[in-house]
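**Student:** From first to last, the protein sequence lines stand for chains A, B, C and D.
Oh and the first sequence: position 300 is 301 in the working numbering, straight run, nothing missing.
Oh and the second sequence: position 64 is 65 in the working numbering, straight run, nothing missing.
Oh and the third sequence: position 10 is 11 in the working numbering, straight run, nothing missing.
Oh and the fourth sequence: position 164 is 165 in the working numbering, straight run, nothing missing.
No wet-lab data here; the hints were simulated from the structure.
Cβ atoms here follow ideal geometry from the backbone N, Cα and C, with glycine treated the same way.
Keep in mind that a hint or two might mislead.
[Claimed, not checked] Residues of chain D clear of chain C, computed beta-carbon distances all greater than 12 Å:
| no. | residue |
| --- | --- |
| 1 | Ile20 |
| 2 | Glu73 |
| 3 | Glu96 |
| 4 | Asp114 |
| 5 | Thr240 |
| 6 | His268 |
| 7 | Glu270 |
| 8 | Val290 |
| 9 | Arg306 |
| 10 | Thr307 |
| 11 | Asp344 |
| 12 | Thr355 |
[Claimed, not checked] Across the chosen pairs, the derived CB separations fall in these ranges:
| no. | chain 1 | residue 1 | chain 2 | residue 2 | range |
| --- | --- | --- | --- | --- | --- |
| 13 | D | Gly57 | C | Asp5 | 43 to 53 Å |
| 14 | B | Thr307 | A | Thr307 | 51 to 61 Å |
| 15 | D | Lys126 | A | Thr226 | 52 to 62 Å |
| 16 | B | Pro203 | A | Asp146 | 31 to 41 Å |
[Stated by the list, open to error] Pairs of lysine-lysine residues, derived as DSS-like cross-links and limited to a Cα-Cα distance of at most 27 Å, are as follows:
| no. | chain 1 | residue 1 | chain 2 | residue 2 |
| --- | --- | --- | --- | --- |
| 17 | D | Lys59 | C | Lys15 |
| 18 | B | Lys15 | A | Lys346 |
| 19 | D | Lys46 | D | Lys15 |
| 20 | D | Lys15 | D | Lys59 |
There are 4 protein chains.
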Amino acid sequence: ELSDMVLGVRELSKHLASIQIKMKVRAIMILTKTYDRALIGYTRKLVEWLMEGEKGSKYTVYVEDTLKDAPEFDAEGLEQKCPGYKSRLHYWSAELCAKRPHSFDFVITLGGDGTVLYASWLFQKVVPPVFSFSLGSLGFLTKFDFCAFEEVLSTAIQDGVTVGLRLRFEGVIMRRIKGSKDINTNGDIADEIFSGAALRPPTHTPGEAFVVLNEIVVDRGPNPTMSSTELYGDDMHLTTIQADGVCIATPTGSTAYSLAAGGSLCHPEIPAILISPICAHTLTFRPLVLPDSMVVRVAVPCDARTTAWVSFDGRQRIELNQGDYVMISASRFPFPAVQSKPDNKDWIDSIRRTMNWGSRPRQQAFS
Amino acid sequence: ELSDMVLGVRELSKHLASIQIKMKVRAIMILTKTYDRALIGYTRKLVEWLMEGEKGSKYTVYVEDTLKDAPEFDAEGLEQKCPGYKSRLHYWSAELCAKRPHSFDFVITLGGDGTVLYASWLFQKVVPPVFSFSLGSLGFLTKFDFCAFEEVLSTAIQDGVTVGLRLRFEGVIMRRIKGSKDINTNGDIADEIFSGAALRPPTHTPGEAFVVLNEIVVDRGPNPTMSSTELYGDDMHLTTIQADGVCIATPTGSTAYSLAAGGSLCHPEIPAILISPICAHTLTFRPLVLPDSMVVRVAVPCDARTTAWVSFDGRQRIELNQGDYVMISASRFPFPAVQSKPDNKDWIDSIRRTMNWGSRPRQQAFS
Amino acid sequence: ELSDMVLGVRELSKHLASIQIKMKVRAIMILTKTYDRALIGYTRKLVEWLMEGEKGSKYTVYVEDTLKDAPEFDAEGLEQKCPGYKSRLHYWSAELCAKRPHSFDFVITLGGDGTVLYASWLFQKVVPPVFSFSLGSLGFLTKFDFCAFEEVLSTAIQDGVTVGLRLRFEGVIMRRIKGSKDINTNGDIADEIFSGAALRPPTHTPGEAFVVLNEIVVDRGPNPTMSSTELYGDDMHLTTIQADGVCIATPTGSTAYSLAAGGSLCHPEIPAILISPICAHTLTFRPLVLPDSMVVRVAVPCDARTTAWVSFDGRQRIELNQGDYVMISASRFPFPAVQSKPDNKDWIDSIRRTMNWGSRPRQQAFS
Amino acid sequence: ELSDMVLGVRELSKHLASIQIKMKVRAIMILTKTYDRALIGYTRKLVEWLMEGEKGSKYTVYVEDTLKDAPEFDAEGLEQKCPGYKSRLHYWSAELCAKRPHSFDFVITLGGDGTVLYASWLFQKVVPPVFSFSLGSLGFLTKFDFCAFEEVLSTAIQDGVTVGLRLRFEGVIMRRIKGSKDINTNGDIADEIFSGAALRPPTHTPGEAFVVLNEIVVDRGPNPTMSSTELYGDDMHLTTIQADGVCIATPTGSTAYSLAAGGSLCHPEIPAILISPICAHTLTFRPLVLPDSMVVRVAVPCDARTTAWVSFDGRQRIELNQGDYVMISASRFPFPAVQSKPDNKDWIDSIRRTMNWGSRPRQQAFS
């Protein structure tokens, strides 16, 4: 019976969204905001605790190479404490993360949601499981209170962790090859995008590409007037966006900029692409939830009056010229976020906390 | 590698949302608005064409029993046309649909979106594939123009059809057993809902249950003041809803009442529950997209000042008294809608059409 | 110069919205929720203080007639306290308020925003200045903390008060006279509404009429499906409302139901009618701000499928049948709310408080 | 009676918003998009018709100085047609408009809404009455179809016109004087703004100032992250804006960018300032309607992480540095728009047209 198969896939899908793993821990990477002196102090504390190990374990700990000479970190002092420390204290660089992500069994972030986003940024392909610790109030992406780090990490290393695989998007900027217009006389960008093999030579060439955890935004950037771009889902034209811009968010990003643009809050297990216009000048473009199996393209028409700008997780901001487009699809490399509660329950917690939903909490059942 | 498995499930999920089937057609059910005389005429025309059959096929055709004596339908005249017709013209009733849904190989609806919803209503469990024909402009649920019915049906019967499995919800009204309060002294509804086996005897008993294709709405009904209800996802309290009501929609329903309540448009392949407040009196309750594997409950607190009303696809409207709740989950029986285009492309078409997105259509590629 | 005259009127308008008055106080009416025992206690305390008077003043105090026999109020005990009290303790009824509003020099409300609305309800024409005291947190309409009532009232009686004249609307239900259709063959409601003297005999007759401080709502009431009504501004058709309903709010009402329907927050000095659709099924009906010199009508077309219901400040709920309409215009009788700060500054305070805008208050200037 | 006075002011205010004037016409200015060749042709046609005059009138006509040598305009050919033309064909420049606005009895614009905005831009102080002609479909600001220009202008000159006085805002950029911090040690911008004479020397000095017809926007401009600014109404802190920006619109501007930001549609007679956040990161900042007698300030805190940018009617874009603010108030110089219908009825028309409200127009009464 077909409907049973559907049920089966639904269950499977749920299990994959939140999986239990037991790690054999040897190397741990620590990521923090190194310009924040207080955080360096906490990092030092954390490194020391990891160095000491429990039950004879001898972890290798990586901290950012900028800490090597930071007086607050005092690497030298740390190495003097115990002769074995020196060989087990390593320094990571962005390059190491990019080239050899398997060097780390897991990553600990110390800071706010921005630090977690930075972890995603460093690991554009495979990402080690990420423990996100916060020093103040928890956010949407920071799930553990640093006050209890010893207990949290001990338990995790011993019993394993539950990891939520957060969907990420890959965005590739497709640059229009100069002179393409000669080949394809009408200069219609949809023709060029979808003509596939029909057109020789090709009209576009891939440019910069980035993986995001929250969102890709195409907007007018510094242009004084609104941008007009074309939105495609797979090979279908969806709509012409006459707006300040458009936000294409993951479920994880649904609590960030996408929310400000009017999008819905979306549970991280939903395999979706959230598309929301930013200050649309047409009243009929409402936020859209599409399957993550689709490929979304946002194109600047060849005859557009202005260019547009694309940004990735609020970091890079790159200009799209007339005829260029950005192609967005689900990344093969999700972001494995260690959860503080099973079944993505901590997502609900973060929503309740941040939206002030908990103002009148109901008692839970005996258990 | 885990990420490959995730990719696999994503693909599988996509395929299941839109499947190709080849039917061995023997019995066809026709559904229309029998109070509309023009539609009865078209129904007659359709029945005649089906009776004649193609290539010697001899279908059994079911029309609504109220047509038996309708002069516009003229069953007698039809039966006189050909001796074999009499034995192959049957009459369906709501009871037959409910009890023996397998009597029909497929269903043809003739009318608007409301007629398609009615088909979903008649088949609360297994639903035969549904062809939805419209006489005027196409809607979100009506996908074929009746003008071309001969060609559409011939091709379908011969070559098979693509069917989109539309998610439906089951809503069960849970009535609080009188006297429960004595057992569970504090009368907290969350305690009662989630206490499970801990409480003997049980506090609630299942009442009416309905399957919906669009949405379940809990609102204040005829009450003059807003309702205050509690919203739960699985065993977690999400928020207290202080609003005119709440709309819990399927992706199919995202283009109906849910849109009016401020929800996003949601592609039918997304396995989601869309929760949107109706005129929320708190600014922080934003529309929510949850996985269809969750169980959602909306409860009227025992100490609420007013009751609430629940309605199913805009049809039934049933009062929820203090202490009652409605429990909503994905139905095991999806709604198989025959598609006019593969891969749910007709959903995009319906959006473009209805939102006036097509005002500036871009040319599509050669193919 | 014309532009100077415009400036002058702007200033005049501002001054009228917030005027200083000095009252000669003789009779004071007290209004509270008489089903709330705690409030009766506070009322007793307030009455006693007023009876004692300051500097020999001898006020007449009116309390609700239902308190006459309330043990918590203990009228007898009060009268025994001092021989003069008996002749100065009076009882008001809804009828007295309606017929002789000039009996009171001012009104004191004790309770929440609902109690202030009730004061507006009792005085459908002239309203005495209203002091609104709250026992808990202040609301949009309650402006004084009861804890400080002695000081507030002493100062007010001695120095005078600043009164904000809050715009109210009058809504009149216009009933279609049976048989009108014979006269005006096409039955078009716009024809009937605006034909004026051209049609003899008239097509509509005025029915119930109420004055509101917050809003008039026309909605589907207990009807299961959305209502379709016609909206007119003066003699112009604005739009056909396909929605759950429409909210027509005063600036005072902009913080109540109108906000839930998506309307803007509107300063009470603005002479405006705020029209907001409730769950509109068309995306292009956006909230509208019209001048209070316009007359707004909401009509149920003669051929509508369902009736509609109109409610006044959330109280009365009256059915509008096919052909009926409600006519809304600025009332000649504003609501004089005693302000806790001059220039309607307390409105900004109430917004800041309720919207949590004050979360990061900036320091104010020395003064 | 006070309430009668209120009524009187309300009526007066309504009359001033839409006044009848009879002009003694001698000099007419024509404004068009001089880069659009087709428009130059129409301009030529219009000039010729005005030159010929009716009933012996001899108008002086001003066209933009850039047309002097435009072949499509062919000034020489025009002057040869009739000897008197030469002396009556003049050329205007932006400088003339700015310095001697009384040179023109009225202005004719030929183009879209942008051309009308440009007229407002040219006349920063006194504005002559403006006739706005459109060649295609009418907009919110263009009210006359150029096809009928002869009839429209003849009637206007002979019978007089109705002019709607559209509210404009003046925005002044206030620059923080370097070294102010030394004086006012805490660097709190509210202290500095409102300290008035208390602080010597002053902390801010006025910079650029512009008058707008639509809106003033303060946003993040090219900055990649949201801006954080402080919003003040008169001397009260309203809220901290954590958003992409804030739009401060006139009622005229309520149909432009303000609408895209989520603001209400506001009738031009309403004396209001419309404040709407742009992609607010706090859910509780809802659009706000304030009286036009208030002074609104948007300030960049001294300790802000980024600057902000202010733009005027979408034209200038000027950076606000930390400590700077923009001060917005009603301009003494409204924009006199010649109306095609009395009582601002053409505003309702423009709304109906642009929002597709007219999809189901109701018949109007006999008249």
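**Student:** Are the hints correct? Go through all of them and say.
**Tutor:** How the hints compare with the structure:
1. Ile20: Its Cβ does come within 12 Å of chain C, the nearest being 7 Å, so this is violated.
2. Glu73: With a cut-off of 12 Å, Glu73 of chain D remains clear of chain C, as the shortest Cβ separation is near 38 Å.
3. Glu96: Per Cβ check, Glu96 of chain D is outside 12 Å of chain C; nearest 23 Å; holds.
4. Asp114: It holds; Asp114 of chain D is separated from chain C by about 18 Å at its closest Cβ, greater than 12 Å.
5. Thr240: At roughly 4 Å from the nearest Cβ of chain C, Thr240 of chain D sits no farther out than 12 Å, so the non-interface label is violated.
6. His268: The assertion about His268 of chain D is violated, with a minimum of 5 Å to chain C.
7. Glu270: violated, 5 Å
8. Val290: Contrary to the label, Val290 of chain D does not stay out of reach of chain C, its closest Cβ about 4 Å off (not over 12 Å).
9. Arg306: Given a closest Cβ separation of 15 Å, the condition holds.
10. Thr307: Answer for Thr307 of chain D: holds, closest chain C Cβ roughly 17 Å.
11. Asp344: violated, 8 Å
12. Thr355: For Thr355 of chain D, whose nearest Cβ neighbour in chain C is about 9 Å away, the distance does not exceed 12 Å, so it is violated.
13. D:Gly57 / C:Asp5: 43 to 53 Å: Violated, at about 36 Å.
14. B:Thr307 / A:Thr307: 51 to 61 Å: Taking Cβ atoms as reference, Thr307 of chain B and Thr307 of chain A lie about 53 Å apart, which means the hint holds.
15. D:Lys126 / A:Thr226: 52 to 62 Å: This hint is violated: roughly 26 Å between Cβ atoms.
16. B:Pro203 / A:Asp146: 31 to 41 Å: Cβ of Pro203 of chain B to Cβ of Asp146 of chain A: about 38 Å, so the range 31 to 41 Å holds.
17. D:Lys59 / C:Lys15: violated, 46 Å
18. B:Lys15 / A:Lys346: holds, 26 Å
19. D:Lys46 / D:Lys15: Not satisfied, since the Cα-Cα distance of roughly 37 Å exceeds 27 Å.
20. D:Lys15 / D:Lys59: Roughly 36 Å separates the two Cα atoms, so the pair is violated.
Consistency note: the structure conflicts with the earlier hints numbered 1, 5, 6, 7, 8, 11, 12, 13, 15, 17, 19, 20.
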